[in-house]
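Asker: Please build the complex by placing chain B on the supplied structure of chain A, with the hints as guidance.
Taken in sequence, the protein lines are chains A and B.
Heads up: the first sequence at position 257 corresponds to 257 in our numbering, and the numbers run straight through without jumps.
Heads up: the second sequence at position 116 corresponds to 116 in our numbering, and the numbers run straight through without jumps.
Check before you lean on any hint, since a few could be wrong.
[Stated by the list, open to error] With a straight-line cut-off of 30 Å between C-alpha atoms, the simulated DSSO-like cross-links for lysine-lysine are:
| hint | chain 1 | residue 1 | chain 2 | residue 2 |
| --- | --- | --- | --- | --- |
| 1 | A | K161 | B | K138 |
| 2 | B | K282 | A | K51 |
| 3 | A | K50 | B | K177 |
| 4 | A | K250 | A | K88 |
| 5 | A | K177 | B | K161 |
| 6 | B | K70 | B | K50 |
| 7 | B | K70 | B | K202 |
| 8 | A | K50 | B | K138 |
| 9 | B | K138 | B | K242 |
| 10 | A | K178 | B | K161 |
| 11 | A | K282 | A | K242 |
| 12 | A | K162 | B | K51 |
Rather than coming from a laboratory, the hints here were simulated on the basis of the structure.
2 protein chains.
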Amino acid sequence: MKLKDEKKIGIFDSGVGGLTVAREILKILPFEQIIYFGDTARCPYGPRSKKIVREFSLQNVNFLLSQNVKFIVVACNTSSALALDFLKKRFEIPMMGVIEPGAKGAVEATKNKKVGVIGTLGTISSGSYVKAIHKMDKKIIIYPLSCPLFVSLTEEGFINKKATYLIAEEYLKPLKKKRIDTLILGCTHYPLLKGVIRNAMKKSEGFPKDSSSIENVTLIDSAEKTALDVKRFLLEKDLLRKSDKEPSHKFFVSDQPDKFKKLGQRFLGKKIKRVELVDINKY
Amino acid sequence: MKLKDEKKIGIFDSGVGGLTVAREILKILPFEQIIYFGDTARCPYGPRSKKIVREFSLQNVNFLLSQNVKFIVVACNTSSALALDFLKKRFEIPMMGVIEPGAKGAVEATKNKKVGVIGTLGTISSGSYVKAIHKMDKKIIIYPLSCPLFVSLTEEGFINKKATYLIAEEYLKPLKKKRIDTLILGCTHYPLLKGVIRNAMKKSEGFPKDSSSIENVTLIDSAEKTALDVKRFLLEKDLLRKSDKEPSHKFFVSDQPDKFKKLGQRFLGKKIKRVELVDINKY
Numbered sequence: 001m002k003l004k005d006e007k008k009i010g011i012f013d014s015g016v017g018g019l020t021v022a023r024e025i026l027k028i029l030p031f032e033q034i035i036y037f038g039d040t041a042r043c044p045y046g047p048r049s050k051k052i053v054r055e056f057s058l059q060n061v062n063f064l065l066s067q068n069v070k071f072i073v074v075a076c077n078t079s080s081a082l083a084l085d086f087l088k089k090r091f092e093i094p095m096m097g098v099i100e101p102g103a104k105g106a107v108e109a110t111k112n113k114k115v116g117v118i119g120t121l122g123t124i125s126s127g128s129y130v131k132a133i134h135k136m137d138k139k140i141i142i143y144p145l146s147c148p149l150f151v152s153l154t155e156e157g158f159i160n161k162k163a164t165y166l167i168a169e170e171y172l173k174p175l176k177k178k179r180i181d182t183l184i185l186g187c188t189h190y191p192l193l194k195g196v197i198r199n200a201m202k203k204s205e206g207f208p209k210d211s212s213s214i215e216n217v218t219l220i221d222s223a224e225k226t227a228l229d230v231k232r233f234l235l236e237k238d239l240l241r242k243s244d245k246e247p248s249h250k251f252f253v254s255d256q257p258d259k260f261k262k263l264g265q266r267f268l269g270k271k272i273k274r275v276e277l278v279d280i281n282k283y
Numbered sequence: 001m002k003l004k005d006e007k008k009i010g011i012f013d014s015g016v017g018g019l020t021v022a023r024e025i026l027k028i029l030p031f032e033q034i035i036y037f038g039d040t041a042r043c044p045y046g047p048r049s050k051k052i053v054r055e056f057s058l059q060n061v062n063f064l065l066s067q068n069v070k071f072i073v074v075a076c077n078t079s080s081a082l083a084l085d086f087l088k089k090r091f092e093i094p095m096m097g098v099i100e101p102g103a104k105g106a107v108e109a110t111k112n113k114k115v116g117v118i119g120t121l122g123t124i125s126s127g128s129y130v131k132a133i134h135k136m137d138k139k140i141i142i143y144p145l146s147c148p149l150f151v152s153l154t155e156e157g158f159i160n161k162k163a164t165y166l167i168a169e170e171y172l173k174p175l176k177k178k179r180i181d182t183l184i185l186g187c188t189h190y191p192l193l194k195g196v197i198r199n200a201m202k203k204s205e206g207f208p209k210d211s212s213s214i215e216n217v218t219l220i221d222s223a224e225k226t227a228l229d230v231k232r233f234l235l236e237k238d239l240l241r242k243s244d245k246e247p248s249h250k251f252f253v254s255d256q257p258d259k260f261k262k263l264g265q266r267f268l269g270k271k272i273k274r275v276e277l278v279d280i281n282k283y
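Isolated chain A (complex conformation) (with noise of 0.2 Å):
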């Protein structure tokens, strides 16, 4: 067993939401060992301009390459969306961001070429998506929409609440005119309103009986579809993890480290052991 296989997957977000992604991630390669770094001091990156998430996301690979990663996942749709470009012509690792599985996910998806994409701010000014997807299908129509109140909704715990259902409503209101099939849940938050964005987009008034049973638009989860394309690159480049003791995985955050350990188990969807404080601003 080489040095090298033993190399983790390092995995970076403004906060505690790229744990959907580090779970799908899990999942799916359940011998890989990841080190997540959660910007807690300075999250949510949604709002804040390209400039700013350019500084934030370069101190988080400085961070990352500390830990000796083999390849890193770009787990926040912002910082996918502003950054990724301008960190692979800084950095030699590989990288891989959560807009273009996200896109591919759609354009598989979609049957009547209308696909509605929901994220921050600053993922949909972007116009990433829209880029992402008219590379490999010029003829699908976009209608990308900001809902800047789903981040602290979410991290609120306000999830099955009316108060949410009515905010979705409104936001999602122009998304429903448009008769798309195809939602991207572009934002690493949001798959945990799955139920609500789906009973937005299903009707108008009132608060639902039985959401569950609501469904006529696919909801694209970049989570899964990102694990999908890191099992594909890491079996391609040949980088996967030999051996088959059992993992360990490390959490980093900029600040609250008891917090994040509290509120990441619901994202990751197990127990988190340890989670270990940074000092982001010395990367």
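Answerer: Chain B alone, transformed into the frame defined by chain A:
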């Protein structure tokens, strides 16, 4: 006219909210000049740790000092709660936060000695309002409560919406039962939600027909109280500006000057001509 007379009042906040404090200061001190810094690259401070809020606040003060100010107002409730004592020990320049003035306002207003305080997670868990009130009157019973979503709702313009009323009702329900007669709005964003908060303290269901007619709990706006204390202090120390020439103000942010300019006018209540970008990590 000495040079000292032309020094400005430095004000900092995590973002745009502190402009409500600037507005009140300029209302009663119309010839003063201000230097405002909003840390828009790293806002909000509300959910962050004491350690990080202190680190960020220290950089903000260093920046204001580079602008040659005569006095500093910590317009952010979270910074005032978690970092003011720490800053006062490190700098000679006189400083004032927003907690003490707000606390004093509540002590003066309450008749039944039952006071509520709402604020961010950081402000509430610091216990700063409780300490400040009990220093003045030990008999007052205080009910602190954090309302994390209020900041994002305000920033997204979700002011007079049914969803906001529902969230306010849910948050404030435990406080309503306590029969408080005074409620401190312990976050610079909250005065924009006065109507919503009044309504939630009054009734528990539905969307109000006329929220302006509902008034039984005295709402304490820290911004107004702080401005009064700033005036008193500057008078006492003979630091008031002597010139009656048209004052000129300066606004700085660590990200997105254009967005600040647009959003800021709603908070400041007057036009902002120019906003400059600062690389806050250099301070």
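Asker: Each hint: holds or not?
Answerer: A quick look at each hint next to the structure:
no.: 1; hint: A:K161 - B:K138; result: violated, 39 Å
no.: 2; hint: B:K282 - A:K51; result: holds, 16 Å
no.: 3; hint: A:K50 - B:K177; result: violated, 46 Å
no.: 4; hint: A:K250 - A:K88; result: holds, 24 Å
no.: 5; hint: A:K177 - B:K161; result: holds, 22 Å
no.: 6; hint: B:K70 - B:K50; result: holds, 26 Å
no.: 7; hint: B:K70 - B:K202; result: violated, 43 Å
no.: 8; hint: A:K50 - B:K138; result: violated, 50 Å
no.: 9; hint: B:K138 - B:K242; result: violated, 41 Å
no.: 10; hint: A:K178 - B:K161; result: holds, 25 Å
no.: 11; hint: A:K282 - A:K242; result: violated, 33 Å
no.: 12; hint: A:K162 - B:K51; result: violated, 36 Å
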